[in-house]
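A.B. asks: One-letter residues, chain by chain:
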Amino acid sequence: MTENSNKVCIDSPPEYILSYLEDKNISRVFAAALSDMDADGRYGEVWAIATDKQLHILTGKSELGVWQEEMFASYAYDEVKRFYIDTFISSGILVGVFDELDFELCAFSNGNARKFGHFANLLNKLKNKELFSLEDEEFKDEDLFCPVCGSPYPNRGHKICPKCMKRGALFKRVMSYGVRYKFEIMAVFLGILATAGLGLLRPQLNSRVLFDHVLNPNSQRYGQLVPFILSILALETTSFALNVLNGRIGASISAKIVYDIKLELFSAMQKLSLSFYNSKHTGNLMTRVNNDAQDIQYFISDGMPHFIMNLIMLSGILAIMLSFYPLLAVVVFMPIPLIIYVIKTVVPKFRKYKWNTWAKNSRINSIINDALTGMRVVKAFGREKSEINRFEKANYDLYRANVKEGRTAAKTFPMLSYIMTLGGLFVWGVGGFKAASGSMTLGVLLSFVGYVSMVYGPLDFMVRTFDWYTNCMNSAQRIFEIIDQKPEVKEAENPVPMPNIKGKISIRNVTFEYEPNKPVLHNINLEIAEGEMIGLVGHSGAGKSTITNLITRLYDVNEGDILIDDVNIKNIAFSDLRGQIGMVLQDTFLFSGTIAENIAYARPDATRDEIISAARLANAHDFIMRMPDGYETMIGIRKNNLSGGEKQRISIARAILSNPKILILDEATASVDTETERLIQEALERLVKGRTTIAIAHRLSTLRNADRLVVVERGTIAEVGTHEELESIKGIYYGMLKMQKEALRVRE
Amino acid sequence: MSPQRGFGPPPGGMPPGMEKPRRKMGIGKFTDIVYLLPENITFYKTKGGLIGAKTKDYDGRANLFRIFPLNLENKYISVRDKDLTELGIIEDMEIFPQEQIELMNDELNKRYFIPKITKVIEAKEEFGNYFWNVETTAGERKFSMRDLANNVIHKKNGAIVLVDVDGSRYEMEDVYKTAGKALKFLDIWL
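These protein sequence lines map, in sequence, to chains A and B. Under the numbering used here, read the first sequence as residues 1 to 748, first letter to last. Under the numbering used here, read the second sequence as residues 1001 to 1190, first letter to last.
Among the hints, a few may not be true.
[To be verified] Here are the computed lysine-lysine pairs in the DSS-like style, where the Cα-Cα straight-line distance is at most 30 angstroms: (1) Lys-1155(B) / Lys-404(A); (2) Lys-349(A) / Lys-1155(B); (3) Lys-393(A) / Lys-1155(B); (4) Lys-1119(B) / Lys-1155(B); (5) Lys-1119(B) / Lys-349(A); (6) Lys-518(A) / Lys-1082(B); (7) Lys-1047(B) / Lys-518(A); (8) Lys-1184(B) / Lys-1119(B); (9) Lys-166(A) / Lys-1124(B); (10) Lys-1142(B) / Lys-352(A); (11) Lys-1156(B) / Lys-404(A).
Rather than coming from a laboratory, the hints here were simulated on the basis of the structure.
Please build the complete structure, drawing on both the sequences and the hints.
C.D. replies: Structure, rendered in structure tokens:
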């Protein structure tokens, strides 16, 4: 805690607000929050100003640097019991409780919810004359908008505005992956240059040299067919060899670059906190790793080299044409604006239709997938006909999309080749006239015709490259967004070494919220002795699992401290902390691999004997031995699906093998039958020996071995004691016990 | 009329052949819907500017939720007390007196604050993110969207709702009339 300083927390009021407050004789401002919405639900500027004694709400707007007041209200803390925020669908309100009556004090839009949640906390502290903590003073929420264009950042963890971002800078960053392969890239570039040069030579050779020299009786080289054919052969062979070489080097560079990007991206994702994965933006992470990296690969391996080659080709063709017959060159390039126009206007439309077809196709796929995987449900409810109808509708939509796409394609591509043919006709017309009048040789005319056919292809390609470029940049932006994301739970820079945790846990004044101002845990205090077994009980959503998430630092506490062996867990290295905490959860996740590999997941160096012992202790050995491949059974393939109870015992074996000092059992025996529960329970009893254990269970009977039971109720600890103690006080635990006994009786 | 209505036969009896319900569905208070009618609930504005409700057993701040918020704005309203425990459901707001409807609408419009876009001033796509500057019924607004696939909600009446990066929503009633420049990237999602 610090002394309340002169610093204004959260938002700094601008000059016009400060001078307005001065005019009103308002001083000692401790916190201020800017809202974007007034009480009538209109967007505007509203300031909530907290002084030492009062809250002031200022509604209005600034004109020429002067605050034009529309509304002004003040509330004295003495009259208010507490402040809180209420969040709705798109907005929220700051509420003050006056004599059991809630008063709406100020409204805000969703983007400001976190800020106003914190502001409400500060108001409560000011009201209770508590000091602000260092975290309070350091709270920052003002960087939500791009300072240049004023748009909200699309990703709050990555303060880069894609709208203002320079594409050049992004392109440079993508290309920086290529720098480490600069020699190979240089080789490809030289290869491309040579291939383009050879390409330009081709019409010269097979038109001009052939018709004007080899087949021209007036030429000195008349009839020299063999050297001519050999030259063509040499050109084609070199060109072929260069193409193969370029392709090989190019493929290896692009694969290496994608390898680097994927590795960097996946490593960055592993470092991110769990909250990132729970956020709404992560649904397409798989796509990011695979497709986005692929997009970049296509651009680097195909787009870039061909773009450069085509650019060289076009410039070369233009230069050659201009040097021979400038007039004819102009004629050739005349239809180009028309072609660019068609490509620019029709191609986006075509792409849109293609995208539409893709969307309709994936809709059909999801219907087929639903119907096939859910076949039992479809049949059980007799819904076959309605499934057919659903499919028919989607199928019809796909048919229409296909027709649209097909028709556009049928129109566009012939139109392009028609324009190109027209271009060719111009050359034939003008060139033919000149050839007939003798001012141009047949060879030059034919080489021009050859060049014409070489102009339009690269042109089309280059226009399309811009699409590839856009895709690649979009993908790159998404990838860098993750790579640059900072994890919320940060590891201490100089952690206290804790290679041998003993297992004492102290939870002190811990408050935690997943969403602003909605505490899931409120001022929790709990001391757990080394080797003690604690049973956490309470209704769903009471905050039991959250306590375990905080101990493992999957999330960081908002207030208070958690200590292990008297060291704050924020000062313990992740490897020391998490390496010595074992978890057995309700939903066991097994990775693809053998059973043995899954048991040894936390300790890959475990010996075979250790793996077998762990499985025996976990009551898993016998069912594993019934499988044809034993411990080498691959999980998830060839009908090797394990039941819930079997998976659970593998995860217990995994925990036994990792030999944790602290063990967390979160509903480890839920959703299994009684016999399996007995086996798991037996395994767990062996596992908890000598370890600090925190067990969460709805079935209270499974906690009979706990040293103490802790009842969590609406985010607070309501009761603590042994089973007998809690039964005798006839509180929440007693009520739960009674209800379960009754439920059991009904079942019997 | 009793406010309690279960899954019993409809008024006028069961249709022919279905006179006897095959199975009794009501298994206590969890399956019975409490329908609120003007005679058993009254709304009022609290001194604090919020909505209050008075029933036989409750008098205090009320929270109103739309059960089908996208397509039924004035029907199926879940009325909850200050702790969000459900007091009952209003099947159709229209049966309440006008002044009561206005009170409910004030509250619902606050909870479901979704301004309507009247004009698109700027709509730009950059790197798969969408940047909007729009005029709405609540004033001018700049907002950003991440992707359209997951953030465009279709209403049955043809309108769409855009969800921005903060989860705030904006409705576009007649997309083809309003969207302007945005149509070029919006129309494949329509």
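A.B. asks: Assess, step by step, whether the Cα of Lys-166(A) is no farther than 30 angstroms from the Cα of Lys-1124(B), and give holds or violated.
C.D. replies: OK: Lys-166(A) and Lys-1124(B) at ~15 angstroms, within 30 angstroms.
A.B. asks: For the pair we were handed, Lys-393(A) and Lys-1155(B), check the Cα-Cα distance against 30 angstroms.
C.D. replies: holds, 19 angstroms
A.B. asks: Do the alpha carbons of Lys-1155(B) and Lys-404(A) lie within 30 angstroms of each other, as the hint requires?
C.D. replies: Roughly 25 angstroms between the alpha carbons, so the hint for Lys-1155(B) and Lys-404(A) holds.
A.B. asks: Run the distance test for Lys-1119(B) versus Lys-1155(B): straight-line Cα separation, threshold 30 angstroms.
C.D. replies: Between Lys-1119(B) and Lys-1155(B) the Cα gap is close to 19 angstroms, so the pair holds against 30 angstroms.
A.B. asks: Quick one, are Lys-518(A) and Lys-1082(B) close enough, alpha carbons at most 30 angstroms?
C.D. replies: holds, 15 angstroms
A.B. asks: If you draw a straight line from the CA of Lys-1184(B) to the CA of Lys-1119(B), is it 30 angstroms or shorter?
C.D. replies: holds, 15 angstroms
A.B. asks: Decide if the proposed pair is consistent with the structure: Lys-1142(B) and Lys-352(A), CA atoms, cutoff 30 angstroms inclusive.
C.D. replies: holds, 26 angstroms
A.B. asks: Hey, Lys-1119(B) versus Lys-349(A), does the alpha-carbon distance stay inside 30 angstroms?
C.D. replies: holds, 24 angstroms
A.B. asks: CA of Lys-1047(B) to CA of Lys-518(A), is that 30 angstroms or under?
C.D. replies: holds, 25 angstroms
A.B. asks: Is the hinted pair Lys-349(A) and Lys-1155(B) satisfied, with a Cα-Cα distance of at most 30 angstroms?
C.D. replies: holds, 26 angstroms
A.B. asks: Can the restraint linking Lys-1156(B) and Lys-404(A) be considered satisfied, given a maximum Cα separation of 30 angstroms?
C.D. replies: Between Lys-1156(B) and Lys-404(A) the Cα gap is close to 25 angstroms, so the pair holds against 30 angstroms.
Every hint, counting from the list given before, is met by this structure.
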